[in-house]
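Novice: Spelled out from the first residue to the last, the chains are:
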Amino acid sequence: MFGLVDAVSFYARAEKVFDPSIRHKPVVVLTNNDGCICAVCPLARQLGVPKFIPYFKIKSFLEKHNVVVRSSNYELYADLSDRMMNVIARYSDNHYVYSIDESFLHFKNFSSVNNWHKYGHMIRKAVWRETRLPVGVGFGATLTLAKAANHASKKLSGFDGVAVIDDTSSRKEILSRMSLTDVWGIGNKLGKRLSILGLNNGWDLANQSPKVMRSQFGVVVERTVNELNGMPCLQWDEIGQDKQEIFSTRSFGKRVTDEYTLKAALSSHASIVAAKVRRQGSLIKRLVIFASSSPHDDRYYKKSFVYEFPMATDNTIKLVSAISYVFDNIYKQGVSFYRCGVGGVELESSLFRQKDMFTVSVNNPPLMKCYDEINHRYGRGSIEVAAAEKNDKWAMRRNFLSPSYTSKWSEIPKIIC
Amino acid sequence: MKVIPVYIEAGISGFESPAAEYKELNLSLEELLLQHPNATFFGLANGRSMEGRGIFNGDVLVVDRAEHVSNGCVIVANFNGCFVCKIIDTEKALLLSASSEHKPIEITSTDDFQIEGVVNVSFRLHKKLPTLLSCLV
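Protein chains in written order, with this note's numbering: chain A, 1 to 417; chain B, 1001 to 1137.
For reference, chain A alone in the conformation it holds in the complex (with noise of 0.2 Å):
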């Protein structure tokens, strides 16, 4: 038996747990510079508060209505996941930590548990009583119907935070419940080709052959189908596979006018990077560099370019020469930029690549590993390429910041005796 277990809006939850005068009240997370809302809460949900808007669109809506708004408070959600994985880390005697509000549990020696439903309630109980974060688990044969069952627990009316797929009329109840979307692994282009089919939720996907769909749609598609049927197909560490492509990008705090500060920017993005590629034993063969102006300007100015390097390369000097090569083409004078980034979009494994006759490698691994633990050692940006050199214009905005409760003495929660 697989369980999934994940928090209900976890980082709106989160800012609850300290705050004891906003528990009864909507409350909604903004992004990285307070940009956009991230979480809300379901009270929040309720007023009709929809996710991935800009903050500055409905501010007065919130406003009117009484909503609490956050910046993201990643010191809290940090360390309150951390509470979390380790309550749920002790219902099974296996378990992967999927996200940092989401968790796979193995049950392979578990024989005990006699009752999935009663056992689901019991890591919803003692999660909740640990460390006041609401929880749902689901269960299933395998993880995509775990994924599944644990989707049921919060969204499908008459469960209660806990869903069981333990058979087939469970199975049907549950899968013929959700859209295609909602399945594990099926994103919103799959989901369409596979509705010209005629399949319309979970359990029509289930029914159909795995083979049929292996050839029309690939072997993705085709374990997915075996997954709904209790097969299981994935293990833990196809699920933490690694990445197809990279990125690095964030909005400034302060919009950025001048050229030295934005080529900073996007040297420091490409050594972010790098490094993320480095970790993962991947080499990029193709760079996207990109910076904009908002969409919600008068002008929208937005400038994009691709870098192909002639050899595969992990190597954050030769990515920020990149930079300096295609940035003429990316800035433009009188622009107030307000984002940029960079990212590795066609990655080559290090270890099976294939070698150039006439080209010469421009990688340099025993500089990049003594680059990488130097910042590993004494923390992240104590070595750094010229270039990327920090600036306060683009250190994070976040005005809505809830204290530290956890991880400062001085910002401690305040009890009244």
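One should not assume that every hint holds.
Claimed, not checked - Covered, in the sense of this in silico footprint (three residues per stretch, anywhere, with C-beta under 8 Å from a C-beta of chain A), are these stretches of chain B:
{"hint": "1", "region": "1039-1050"}
{"hint": "2", "region": "1055-1066"}
{"hint": "3", "region": "1079-1086"}
{"hint": "4", "region": "1125-1132"}
Claimed, not checked - Listed next, the in silico DSS-like pairs over lysine-lysine satisfying Cα-Cα at most 30 Å (straight line):
{"hint": "5", "chain 1": "B", "residue 1": "K1103", "chain 2": "A", "residue 2": "K408"}
{"hint": "6", "chain 1": "A", "residue 1": "K192", "chain 2": "A", "residue 2": "K155"}
{"hint": "7", "chain 1": "B", "residue 1": "K1127", "chain 2": "A", "residue 2": "K408"}
{"hint": "8", "chain 1": "A", "residue 1": "K243", "chain 2": "A", "residue 2": "K57"}
{"hint": "9", "chain 1": "A", "residue 1": "K189", "chain 2": "A", "residue 2": "K276"}
{"hint": "10", "chain 1": "A", "residue 1": "K276", "chain 2": "A", "residue 2": "K408"}
{"hint": "11", "chain 1": "A", "residue 1": "K154", "chain 2": "A", "residue 2": "K108"}
{"hint": "12", "chain 1": "A", "residue 1": "K243", "chain 2": "A", "residue 2": "K211"}
{"hint": "13", "chain 1": "A", "residue 1": "K285", "chain 2": "A", "residue 2": "K243"}
{"hint": "14", "chain 1": "A", "residue 1": "K414", "chain 2": "B", "residue 2": "K1128"}
{"hint": "15", "chain 1": "A", "residue 1": "K155", "chain 2": "A", "residue 2": "K118"}
{"hint": "16", "chain 1": "B", "residue 1": "K1092", "chain 2": "A", "residue 2": "K414"}
{"hint": "17", "chain 1": "A", "residue 1": "K64", "chain 2": "A", "residue 2": "K285"}
{"hint": "18", "chain 1": "A", "residue 1": "K243", "chain 2": "A", "residue 2": "K302"}
{"hint": "19", "chain 1": "A", "residue 1": "K414", "chain 2": "B", "residue 2": "K1127"}
{"hint": "20", "chain 1": "A", "residue 1": "K302", "chain 2": "A", "residue 2": "K285"}
{"hint": "21", "chain 1": "A", "residue 1": "K125", "chain 2": "B", "residue 2": "K1103"}
{"hint": "22", "chain 1": "A", "residue 1": "K155", "chain 2": "A", "residue 2": "K243"}
{"hint": "23", "chain 1": "A", "residue 1": "K51", "chain 2": "A", "residue 2": "K192"}
{"hint": "24", "chain 1": "A", "residue 1": "K414", "chain 2": "B", "residue 2": "K1103"}
{"hint": "25", "chain 1": "A", "residue 1": "K125", "chain 2": "A", "residue 2": "K25"}
The hints are simulated quantities; they were obtained by calculation from the structure and are not laboratory data.
We treat Cβ as the ideally placed atom computed from N, Cα and C, and that holds for glycine.
Guided by the hints, dock chain B onto chain A, whose structure is given.
Specialist: Frame of chain A, contents of chain B only:
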């Protein structure tokens, strides 16, 4: 017979410290004060109503959410949107103070009330740290 392990080390060294193998026995305040580290948070006491139980203004409260709540124990609760530290009377549904100057508070159905955790430990810095007190301002 107990054998003292000798670790291989590079470089020049003199006599190995006879205390080397006892290093791990160092005392840990966390181990002493926290029963359930994962379920515990710290708060700063603000007010004088709990002095009879040894909790003074500016003390640090160690709040344990996993500890069992029993009648008469010191708890932290959310009482109408504020964290309060009181003695819980579970039989009469009262919040009691440890001071004659404060009357018992009745918990009614219209109150927003949840117990947050139990305070089995609180501590005091006799020389106050400015960083700690800054949250009382």
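Novice: So, for every hint listed, does it hold in this structure?
Specialist: Consistency of the hints with the structure:
For the region 1039-1050 of chain B, the stated coverage by chain A holds: 11 residues have a C-beta nearer than 8 Å to a C-beta of that chain, and at least 3 were required. With a threshold of 8 Å between beta carbons, the proposed coverage of the region 1055-1066 of chain B by chain A holds, since 7 of its residues qualify and at least three are required. A count of 6 residues in the region 1079-1086 of chain B with a Cβ less than 8 Å from any Cβ of chain A is obtained; the coverage claim is therefore met, three being the minimum. Only when three residues or more bring their CB closer than 8 Å to a CB of chain A does the claim for the region 1125-1132 of chain B stand; here the count is 3, and the claim holds.
A threshold of 30 Å between alpha carbons decides the hint, and for B:K1103 with A:K408 the separation of about 34 Å lies outside it, so the pair is violated. A C-alpha spacing of about 22 Å is found between A:K192 and A:K155, which places the hinted pair at or below 30 Å, so the restraint holds. Taking the CA atoms of B:K1127 and A:K408, the gap is near 19 Å; set against the 30 Å cutoff, the hint holds. Between A:K243 and A:K57 the CA atoms are separated by roughly 33 Å; this puts the pair beyond 30 Å, and the hint is violated.
About 27 Å separates the Cα atoms of A:K189 and A:K276, which keeps this hinted pair within 30 Å; it holds. The straight-line distance between the Cα atoms of A:K276 and A:K408 is roughly 29 Å, inside the 30 Å bound, and the hint therefore holds. Using a Cα cut-off of 30 Å, the hinted pair A:K154 and A:K108 holds, with the two alpha carbons roughly 25 Å apart. Of the supplied pair hints, the one linking A:K243 and A:K211 holds, its CA atoms being roughly 27 Å apart against a limit of 30 Å.
For a cut-off of 30 Å, the pair hint linking A:K285 to A:K243 stands: about 14 Å separates their Cα positions. The suggested pairing of A:K414 with B:K1128 holds, with an alpha-carbon distance near 16 Å, which does not exceed 30 Å. For the given pair, A:K155 sits about 19 Å from A:K118 by alpha-carbon distance, which is consistent with the 30 Å threshold. Distance hint between B:K1092 and A:K414 is fulfilled; the C-alpha atoms sit about 27 Å from each other, no more than 30 Å.
At most 30 Å may separate the alpha-carbon atoms for a hinted pair to count; A:K64 and A:K285 exceed this at roughly 50 Å. Under the criterion of a C-alpha separation no larger than 30 Å, the hint pairing A:K243 with A:K302 is consistent with the structure, at around 26 Å. Of the pairs offered as hints, the one joining A:K414 and B:K1127 holds, with about 19 Å between alpha carbons and a cut-off of 30 Å not exceeded. The straight-line distance between the Cα atoms of A:K302 and A:K285 is roughly 23 Å, inside the 30 Å bound, and the hint therefore holds.
Distance restraint check for A:K125 and B:K1103: the Cα-Cα separation of roughly 34 Å exceeds the 30 Å cut-off, and the hinted pair is therefore not satisfied. A C-alpha spacing of about 29 Å is found between A:K155 and A:K243, which places the hinted pair at or below 30 Å, so the restraint holds. Between A:K51 and A:K192 the CA atoms are separated by roughly 22 Å; this keeps the pair inside 30 Å, and the hint holds. Under the criterion of a C-alpha separation no larger than 30 Å, the hint pairing A:K414 with B:K1103 is consistent with the structure, at around 21 Å.
A distance of roughly 22 Å separates the Cα atoms of A:K125 and A:K25; the hinted pair therefore holds under the 30 Å criterion.
When held up to the earlier numbered hints, the structure conflicts with 5, 8, 17, 21 and fits the remainder.
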